[in-house]
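Protein chains: 2
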Amino acid sequence: MIAKGEELAEKIREISVAEFFEKNRHLLGYENPTRSLLTVVKEAVENSADAAEEAGILPDIKVELQQLGEDRFKVIVEDNGPGVPSSKVPVAFAKFLVGSKFHRLRQSRGIQGIGIHGAVLYSQLTTGKPTKVVSSLGNGDPIHEFELMIDVAKNEPLVLSHRTLPNPGGWHGVKVELEVEGRYVDKVVQSIPEYLRQTAIVNPFANLTFKGPNGTSLTYKRRVEELPPQPKEIKPHPHGVELGLFRRMLANTSARTLLGFLTTEFCRVGRTSALQACRLAGLEPEQSPRKLNGEEVTRLHQALQSLKLMAPPTDCLSPLGEQMLLEGLKREFKAEKYVAVTRPPSVYRGYPFQIECGIAYGGELTEPVQLLRFANRVPLLYHQGDCALTQAVKEVDWRRYGIPQDGFPKAPMVILLHFVSVWVPFTTEGKQALASYPEILKEAKLALQDAGRSLSRYISRKQRLKERQARVDLFERYAPELAESLSKLTGKPKEEILAYLRRRLDEEKG
Amino acid sequence: MIAKGEELAEKIREISVAEFFEKNRHLLGYENPTRSLLTVVKEAVENSADAAEEAGILPDIKVELQQLGEDRFKVIVEDNGPGVPSSKVPVAFAKFLVGSKFHRLRQSRGIQGIGIHGAVLYSQLTTGKPTKVVSSLGNGDPIHEFELMIDVAKNEPLVLSHRTLPNPGGWHGVKVELEVEGRYVDKVVQSIPEYLRQTAIVNPFANLTFKGPNGTSLTYKRRVEELPPQPKEIKPHPHGVELGLFRRMLANTSARTLLGFLTTEFCRVGRTSALQACRLAGLEPEQSPRKLNGEEVTRLHQALQSLKLMAPPTDCLSPLGEQMLLEGLKREFKAEKYVAVTRPPSVYRGYPFQIECGIAYGGELTEPVQLLRFANRVPLLYHQGDCALTQAVKEVDWRRYGIPQDGFPKAPMVILLHFVSVWVPFTTEGKQALASYPEILKEAKLALQDAGRSLSRYISRKQRLKERQARVDLFERYAPELAESLSKLTGKPKEEILAYLRRRLDEEKG
Chain A
1 MIAKGEELAE KIREISVAEF FEKNRHLLGY ENPTRSLLTV VKEAVENSAD AAEEAGILPD
61 IKVELQQLGE DRFKVIVEDN GPGVPSSKVP VAFAKFLVGS KFHRLRQSRG IQGIGIHGAV
121 LYSQLTTGKP TKVVSSLGNG DPIHEFELMI DVAKNEPLVL SHRTLPNPGG WHGVKVELEV
181 EGRYVDKVVQ SIPEYLRQTA IVNPFANLTF KGPNGTSLTY KRRVEELPPQ PKEIKPHPHG
241 VELGLFRRML ANTSARTLLG FLTTEFCRVG RTSALQACRL AGLEPEQSPR KLNGEEVTRL
301 HQALQSLKLM APPTDCLSPL GEQMLLEGLK REFKAEKYVA VTRPPSVYRG YPFQIECGIA
361 YGGELTEPVQ LLRFANRVPL LYHQGDCALT QAVKEVDWRR YGIPQDGFPK APMVILLHFV
421 SVWVPFTTEG KQALASYPEI LKEAKLALQD AGRSLSRYIS RKQRLKERQA RVDLFERYAP
481 ELAESLSKLT GKPKEEILAY LRRRLDEEKG
Chain B
1 MIAKGEELAE KIREISVAEF FEKNRHLLGY ENPTRSLLTV VKEAVENSAD AAEEAGILPD
61 IKVELQQLGE DRFKVIVEDN GPGVPSSKVP VAFAKFLVGS KFHRLRQSRG IQGIGIHGAV
121 LYSQLTTGKP TKVVSSLGNG DPIHEFELMI DVAKNEPLVL SHRTLPNPGG WHGVKVELEV
181 EGRYVDKVVQ SIPEYLRQTA IVNPFANLTF KGPNGTSLTY KRRVEELPPQ PKEIKPHPHG
241 VELGLFRRML ANTSARTLLG FLTTEFCRVG RTSALQACRL AGLEPEQSPR KLNGEEVTRL
301 HQALQSLKLM APPTDCLSPL GEQMLLEGLK REFKAEKYVA VTRPPSVYRG YPFQIECGIA
361 YGGELTEPVQ LLRFANRVPL LYHQGDCALT QAVKEVDWRR YGIPQDGFPK APMVILLHFV
421 SVWVPFTTEG KQALASYPEI LKEAKLALQD AGRSLSRYIS RKQRLKERQA RVDLFERYAP
481 ELAESLSKLT GKPKEEILAY LRRRLDEEKG
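From first to last, the protein sequence lines stand for chains A and B.
Mapping of the first sequence onto the numbering used here: position 416 corresponds to residue 416, and the numbering continues sequentially without gaps.
Mapping of the second sequence onto the numbering used here: position 389 corresponds to residue 389, and the numbering continues sequentially without gaps.
Hint data in this document are derived by calculation from the structure and do not stem from the laboratory.
Only a predicted model underlies this, so the values are computations on that prediction, with no experimental measurement involved.
Possibly wrong hints are sitting among the right ones.
As the list claims (entries may be wrong) - With beta-carbon atoms standing in for the labels, derived distance ranges:
id, chain 1, residue 1, chain 2, residue 2, range
1, A, S306, B, L68, 14 to 22 Å
2, A, P368, B, E367, 48 to 56 Å
3, B, F408, A, L307, 46 to 54 Å
4, A, E296, B, N214, 38 to 46 Å
5, B, E10, A, Q287, 28 to 36 Å
6, B, R271, A, Q370, 19 to 27 Å
7, A, R163, B, R279, 33 to 41 Å
8, B, H103, A, L275, 34 to 42 Å
9, B, F408, A, E364, 45 to 53 Å
10, B, T272, A, P142, 49 to 57 Å
11, B, R290, A, R163, 21 to 29 Å
12, A, T216, B, G402, 37 to 45 Å
As the list claims (entries may be wrong) - Computed list of lysine to any residue pairs in SDA-like fashion (alpha-carbon distance at most 20 Å, straight line):
id, chain 1, residue 1, chain 2, residue 2
13, A, K23, B, S456
14, B, K23, A, V347
15, B, K154, A, R248
16, B, K129, A, K11
17, B, K11, A, H103
18, A, K11, B, K235
19, B, K330, B, K235
20, A, K11, B, Q230
21, A, K154, B, H103
22, A, K11, B, S456
Glycine included, every Cβ here is placed at the ideal spot set by N, Cα and C.
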């Protein structure tokens with residue numbers, strides 16, 4: 001066997017993460033030309049919005065799409081964010097698994113360090129062209145212009161050119177230009193214009209402009225001149241940290257004692273809880289966290305799991321709020337009735353999260369129900385059937401609120417659900433659907449039920465008014481005949497009886 | 001802005017691919033304890049089967065599950081494969097994106113270099129324990145016993161121990177032992193026993209044994225003593241190679257001329273096609289492939305796309321064959337009728353693939369239809385709703401074949417679909433569903449239709465027989481009365497008439 005085993009082993013090679021995604025690009029949302037073009041725009045817009053918001057800047061984001069051939073486009077996305085220092089531009093755009101957000105627990109649109117890199121890879125794979133990145137920090141920093149590709153076999157950035165230009169105006173921000181294979185569609189749900197429209201609904205503090213092919217042009221002006229409160233970064237909650245990660249945290253901590261480790265590296269672990277955990281695990285609070293053996297690590301982990309601890313803090317979340325939800329819906333949909341609910345924060349796997357729900361009902365809306373799903377202010381346009389938010393809509397008993405149902409509720413309405421968290425459990429790297437954690441499902445249903453109750457008051461009042469109007473109409477139709485019959489029976493003049501009946505009707509109406 | 005931009009940039013860090021999967025373990029199939037336990041078994045079994053088969057060994061695979069606590073198990077999987085050389089064991093098991101199969105186009109169960117590494121990571125994450133790997137190449141090689149973990153922050157193997165033991169018997173193979181959090185279920189479709197049963201159906205040349213908790217014990221003996229023909233490795237087909245990859249192939253080739261490059265690095269490009277491509281692109285066949293500029297690369301790529309080339313060779317595929325399909329179904333399901341179809345090979349994105357379909361009908365089977373999906377001899381138990389194979393079942397018009405339908409066909413039957421290819425387009429790294437490429441969908445439907453037609457002949461014959469029997473039954477019931485009436489009408493004796501009627505009936509039956 002030796003020969004065979006050795007021979008097979010010679011084939012064992014490393015695979016770079018860029019090669020992996022090149023061969024599996026559908027995992028990142030590049031599965032067909034239409035979706036691919038949308039994904040490129042989406043990744044760039046999310047990066048821009050995150051950067052501006054984190055720097056405390058009201059985002060101005062410009063998206064432009066130039067059609068270069070039947071299935072070829074140049075995508076240009078420019079923001080007014082803080083810019084990326086020139087030394088970091090190559091890795092930030094052209095090396096997979098590099099990012100600023102993965103190692104923090106903080107609400108943001110992107111997290112994984114894969115998004116914009118995927119777009120750069122897709123561009124070079126389909127058109128062979130480098131991505132142009134223009135960036136400046138403003139305030140004395142020149143404008144840096146890069147042409148970048150990814151060295152796929154090594155997952156390292158290739159800088160094809162880097163030149164600096166004067167920046168007298170002090171411009172700051174990032175502008176990316178990618179040439180890609182794609183197909184442009186509009187007037188459908190899974191399109192770039194619809195993505196931008198939905199983005200505008202949940203990002204009321206952003207200016208969004210779009211220039212598309214065939215002279216399409218869209219502008220979404222910001223509706224509020226203030227950013228939402230900055231979401232805070234939090235430490236992990238002990239109940240959401242699994243043993244393997246716990247062990248790594250112990251090995252990497254700069255704390256010198258167990259007590260120090262427990263009280264500084266986690267949220268909701270105070271001195272009392274830390275001492276209690278040590279006692280339960282039979283460990284000294286003063287001992288070094290780096291010297292525990294495997295058995296001791298397990299005991300300490302179990303002790304922490306068994307403690308009653310406060311839920312993680314929730315000021316790390318920045319929901320949109322009921323007022324903003326209502327305004328967003330009112331601006332985009334002509335309905336008769338709007339309701340909105342922001343649920344209190346809750347927790348899954350130690351991560352705080354929050355659900356918001358808005359409903360627009362009736363008016364110019366038509367059936368079937370349109371469901372708008374969002375995670376951390378990002379619209380989710382694909383994989384609706386797989387998403388916990390969709391499941392929640394189906395599991396609510398809408399008949400209770402006077403709305404017929406066949407899986408989905410059947411009514412002329414738009415339902416908006418917004419999931420906000422420090423960590424979004426996407427079912428794939430394509431980031432289009434949420435995994436069905438029971439806690440998420442439950443909160444989403446509660447939000448829908450709250451909204452459903454508000455809506456049902458409106459619907460039943462409307463129903464009552466409709467029934468009353470039907471009675472009035474019926475009366476109006478038969479009153480003259482009735483008056484005539486009564487006149488014959490009583491001998492009183494028909495006009496007098498009719499006048500009496502009308503008075504009664506007016507009283508009823510009043 | 002500088003300060004802010006610099007400050008944000010300081011947070012830009014590399015993420016190891018192991019960290020990525022630790023935080024996103026649901027992407028690899030570790031989303032809940034039940035599925036996680038199955039995924040660990042699945043990854044180990046697939047590795048074992050691939051290794052043995054590639055070395056030309058009839059696989060003997062032993063799976064054992066020891067319950068150590070309410071939600072804790074030891075998973076042991078042992079094979080009689082060629083073994084892994086001791087120098088390669090650490091990377092082959094404890095470093096993500098290392099594998100022997102990613103860079104080849106060859107039909108195999110695993111491809112990505114992620115599977116078994118995910119199991120090792122899941123084990124250390126949930127129980128903090130190292131994975132034990134025992135391996136030998138036999139034939140003079142001692143037995144190597146490793147305890148391995150993954151250094152998650154670096155994605156590098158940690159060798160906790162390595163000792164060698166005498167191997168007088170010349171044992172060769174691999175045995176892995178992983179301690180994991182999990183939940184064991186049986187008697188449901190998404191269970192380890194069902195996974196092994198389905199594996200046995202499409203791997204008739206393998207011995208599979210299972211020792212589970214509560215004294216469960218299963219044995220699937222091999223039904224054939226011969227391996228299927230070894231699938232051949234093929235070169236990529238030009239029509240399936242995108243521009244970016246084409247450029248990399250040009251840069252990395254050892255060929256000295258374009259002509260050499262085109263004729264040796266691709267399948268189905270002979271001298272004539274290669275010369276034609278060069279001419280179309282305005283390039284010299286003798287020029288160095290490494291010195292083309294971007295424009296020339298694009299022209300050559302386009303020229304290749306425009307050439308009519310033969311479809312890729314299909315002897316690289318190793319389907320099960322109709323005979324094996326029938327035998328597999330017969331052994332596992334007590335039905336009245338079995339049909340099987342192996343479609344001729346076809347091509348998607350330049351990759352050859354083939355679809356097989358088997359149906360077992362009636363007998364002890366009950367509704368609803370059970371769908372068994374397979375890719376390269378591996379059962380797919382999750383994400384049925386998302387899979388191209390499921391979509392194909394729904395899109396076939398079963399009523400044509402005498403089978404009622406409500407989305408799925410409604411009949412007491414089992415449908416087996418097997419996708420065989422050098423590259424499997426899974427929708428997630430969890431490897432449970434196929435992406436809906438139009439070519440795959442079309443072939444799967446054709447396979448189902450072929451099988452449906454065979455089945456419909458049986459069903460309609462059965463239906464005719466049933467109707468005839470109903471007529472006979474009716475006659476038997478009314479014949480005496482009829483004879484009596486006729487006797488009264490004609491005066492002939494009742495017995496004579498009855499005898500005549502029975503003779504007619506016998507003729508009808510005959």
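Hints breached by this structure: 2, 4, 6, 8, 9, 12, 13, 16, 19 and 22
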